[in-house]
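In order, the protein sequences belong to chains P and S.
Heads up: the first sequence at position 2 corresponds to 2 in the numbering used here, and the numbers run straight through without jumps.
Heads up: the second sequence at position 142 corresponds to 1142 in the numbering used here, and the numbers run straight through without jumps.
Calculated from the structure, these hints are not laboratory results.
Do not rely on the hints blindly, as some may be mistaken.
With a straight-line cut-off of 25 Å between C-alpha atoms, the simulated DSS-like cross-links for lysine-lysine are [as the list claims (entries may be wrong)]:
1. Lys429(P) x Lys1207(S)
2. Lys1226(S) x Lys207(P)
3. Lys165(P) x Lys155(P)
4. Lys360(P) x Lys1231(S)
Far from chain P by the CB rule (all over 12 Å, computed), these chain S residues [to be verified]:
5. Ala1134
6. Lys1146
7. Ser1147
8. Leu1150
9. Asp1172
Here are some chain S residues pointing at chain P (derived, C-beta under 7 Å) [claimed, not checked]:
10. Met1071
11. Arg1130
12. Val1214
13. Ile1237
All C-beta atoms in this analysis are idealised placements derived from N, C-alpha and C, irrespective of residue type, glycine included.
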Amino acid sequence: MNKNLTEVDVVIVGMGWTGGILSKELSESGLKVVALERGAPRTDNEDFSVPRMRDELEFGIRHGLMQDLRRDTLTIRNNTKQTALPMRQLGSFLPGEGLGGAGVHWNGHTWRWTDMEFKIRSMYEERYGKKFIPEDMTIQDWGISYKELEPYYDKFEKTAGISGKAGNVGGAIQEGGNPFEAPRKSQYPLPPLETSLACDLFAGAAKNLNLHPFPMPTANASRPYTNPDGAKLGQCQYCGFCEKFGCEANAKGSPLNTVIPFAMKQPTFELRMHSVVTKVHMDQEKKIATGVSYTNLMTGQEYFQPAKIVILAAYGLNNAHLMLTSGIGKPYDPVSQQGVVGKNYSYQTGTGATLFFSDKIFNPFMSTGGLNMMIDDFNANWNFDRSGPQFVGGTTINGGMYNGRPIEYHPVPPGTPRWGKAWKEAMSKWYLRSMSIGSSGSVMANRYNYLDLDPTYRNVFGQPLMRMTFDYKPNEHRLSKFTAQKIQEIGKSLNPEIMTGPAPRVGPWSVVPYQSTHNTGGTIMGTNPSNSVVNKYCQSWDAHNLFVTGASLFPHNSAYNPTGPIGALSYWTADAIKNRYVKNPGSLV
Amino acid sequence: MDDSYGELKNTSRRQLLKGALIGGGAAIVGSLAPAAQALSQTKQEVELPVAAYVFFTPAEATFIEALVDHMVPADQLTPSGSELGINIFIDRALAGSWGKGGRMYMQGPWQEGTPSQGYQSPLMPSQLYRAGIASTNQACNKQYGKSFELLDPSQKDELLKALESGKIVFEDGLQSKTFFEIAYQSVVEGLFADPIYGGNADKAAWKMIGFPGVIETNTRNIVEYKNKLYKAKVMSIADVS
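Excised from the complex, chain P in its bound form (with noise of 0.2 Å):
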């Protein structure tokens, strides 16, 4: 039976980044706002204490803060060819659940995406040729640009305390930032984190090679912080428990500790956990979204909540899995490629190498989520010609670890055999002795990763699991080869006594080893209702009162990380709200 409740001008769908955002600037702004989280509610102080939250079992290893995957999951498979198998354990990606969402477990890596990515057909078109473009890579600009993000960008940077060095400020280039990125009108509220052993070889290598190495710009203080509205950030500790556990210091920008508690101070806003958004309801004529329908958890009871203005805000992933079983536009066909729900499902590549030198001591365990060095030369930086490799995106490098935590890291050198007194003495030898580099690679769309719903398996509302249709592409294979090449130049001019790869990513994605949560697009914004599901401001083609938020708006994904583009559309979104659609309820463009 489900239980009609009183209307409110917001509804808005899952409580992290997105939805702290939105909760926190649309309920000052007045509005009525109620929140529904599907996951419990938590507090850096209680959750997070010491010791209870440096347990790499429960939360590293068996996933305590993650999505609960006997309620709901996702079907996998690479082609079209493939039956589609449920996810039945977390591996590949790690969807948060409950207050504060993946924005309490996130590394903090947060970057701005520029009119590289946003306006990357016509870019791509203009300097390598029509040709250069495969067929199927079904890329598209995305109505948007940086200039327009630029002062969003800059808000979601103070709210969340990113500690980094600026590269390129009004157009003036900063010796020690990324030289790449584009012009900033101020400084990260923080400066960048202390540097590890590692760092230092890497940024040393780099620079040998011409390249141009800068701290990651990460949401871990290097120092105390009061952000914009008064939240207070402690320093970053170094402990090694970052990415996957929450922030003891409260140290991490989450929305846990910034946007959330400003928005439980509005008499207009209102939290409720437990709360699994099932569907989102439409008028008869499908021009309006009149609410949800959600379930709490904690009694079974179905309750329709109506409401003037519906977002979402749930992971990406979720967001196009509520539009496709809300039967909101017109579900994507790979075949046809007619209909835009579910289409441009992307992901990220790369490569990695472990360097091993028994003269050198790397203290692992002394990290934190964003702790190393970084190059963008083979990514932002337009200037690199990619027609020579023959990919479209890019990739970032790095050097450094982000935890030494030893069920997940205890590097050996390759031909250790996995068991025995060989195995133990080389990873007694060689925990302290070795360094990582890493990359980050873009994906770009292609009309056969997509979503779509399971013709089988089922959640436990009995509806039917998303499935997700995913490979690497030959462009993807070029770039993860060229990567490889770049690692083994960097990593072999620091002389190691021996190094493990770099094994270029060429086999299919596979869902069983972690490789990043970074599940992009679904529900992908730009310039018309044939091309995308919603426009430059998030607002739904088919209903102008639903709004979507986070990834699942990006039309293909980037070597960078998600979260700073997220916050900063969050922001913008929320501008668009409370400054023009309240005033003015229609299409904004």
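Use these hints to put chain S onto chain P, whose structure you have.
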């Protein structure tokens, strides 16, 4: 076996009691109490029963002890796998939420799938583990005429490599490779997880590699110990609870 191993064994039994008491909310140990202090407190406590199995049958226990002792043999670095309690760790993990498929999607229908599609067994991990032990012993009996624990070390290596590569075909249809990987992961977890879960007794595996444990405030250390050996008291969850 030298005396320090005996001492370690007794210590780990006491640690087990301490863990149980903490679970009941009865133990009061000062925050950041040095391990030595904690030890002296536990020494006055009553003698305890040897840790017993809650999941494994006697025959399975024999198998798992042989497996963890072969994969983690006693040497100058650590005591053996069973002396570290890795067998107890695995027993508890299989009896608990993870073994019962706690956070897994377990609904059918089932089919084998491609390697990219990961775990597709209709069995929960504890059932798969149990079936895997039985099938491994069956394969051992067929090939060597005796069960796993009675093989000599080189035969154990040979057998484990054949499981790892999937070369052994189990008669019940279970993939030998699937069993190997789940068993291997459980040994690594038992070796390196916090001792509160029953393995890694006396934090021996952390000491072996130089991981200082759970309490780390490295804001100054990261500067002071760059390229330098950092020696600190290794701390576990129970040490600071």
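Hint check results:
Distance check on the hinted pair: Lys429(P) and Lys1207(S) sit about 12 Å apart at the alpha-carbon level, within 25 Å; holds. The straight-line distance between the Cα atoms of Lys1226(S) and Lys207(P) is roughly 20 Å, inside the 25 Å bound, and the hint therefore holds. Note on Lys165(P) and Lys155(P): the hinted pairing holds, with a Cα-Cα distance of about 16 Å set against a maximum of 25 Å. Between Lys360(P) and Lys1231(S) the CA atoms are separated by roughly 15 Å; this keeps the pair inside 25 Å, and the hint holds.
Against chain P, the non-interface label of Ala1134(S) holds: every CB pair exceeds 12 Å, the least being about 21 Å. Every C-beta of chain P lies more than 12 Å from that of Lys1146(S), the closest at about 21 Å, which supports listing it as non-interface. Under the 12 Å C-beta cut-off, the non-interface status given to Ser1147(S) relative to chain P holds; the minimum distance is some 19 Å. Separation of Leu1150(S) from chain P is adequate, the least Cβ-Cβ distance of about 18 Å exceeding the 12 Å criterion.
Non-interface status of Asp1172(S) relative to chain P is upheld: no Cβ of that chain comes within 12 Å, the nearest being about 20 Å off. Checking Met1071(S) against chain P: minimum C-beta separation of about 4 Å stays under 7 Å; hint holds. Residue-level restraint check for Arg1130(S) is violated (minimum Cβ-Cβ distance to chain P is 18 Å; threshold 7 Å). For the restraint placing Val1214(S) at the interface with chain P, the shortest Cβ-Cβ distance is roughly 4 Å, inside the 7 Å limit, so the hint holds.
Because the smallest distance between the Cβ of Ile1237(S) and any Cβ of chain P comes to about 4 Å, under 7 Å, the interface hint for this residue holds.
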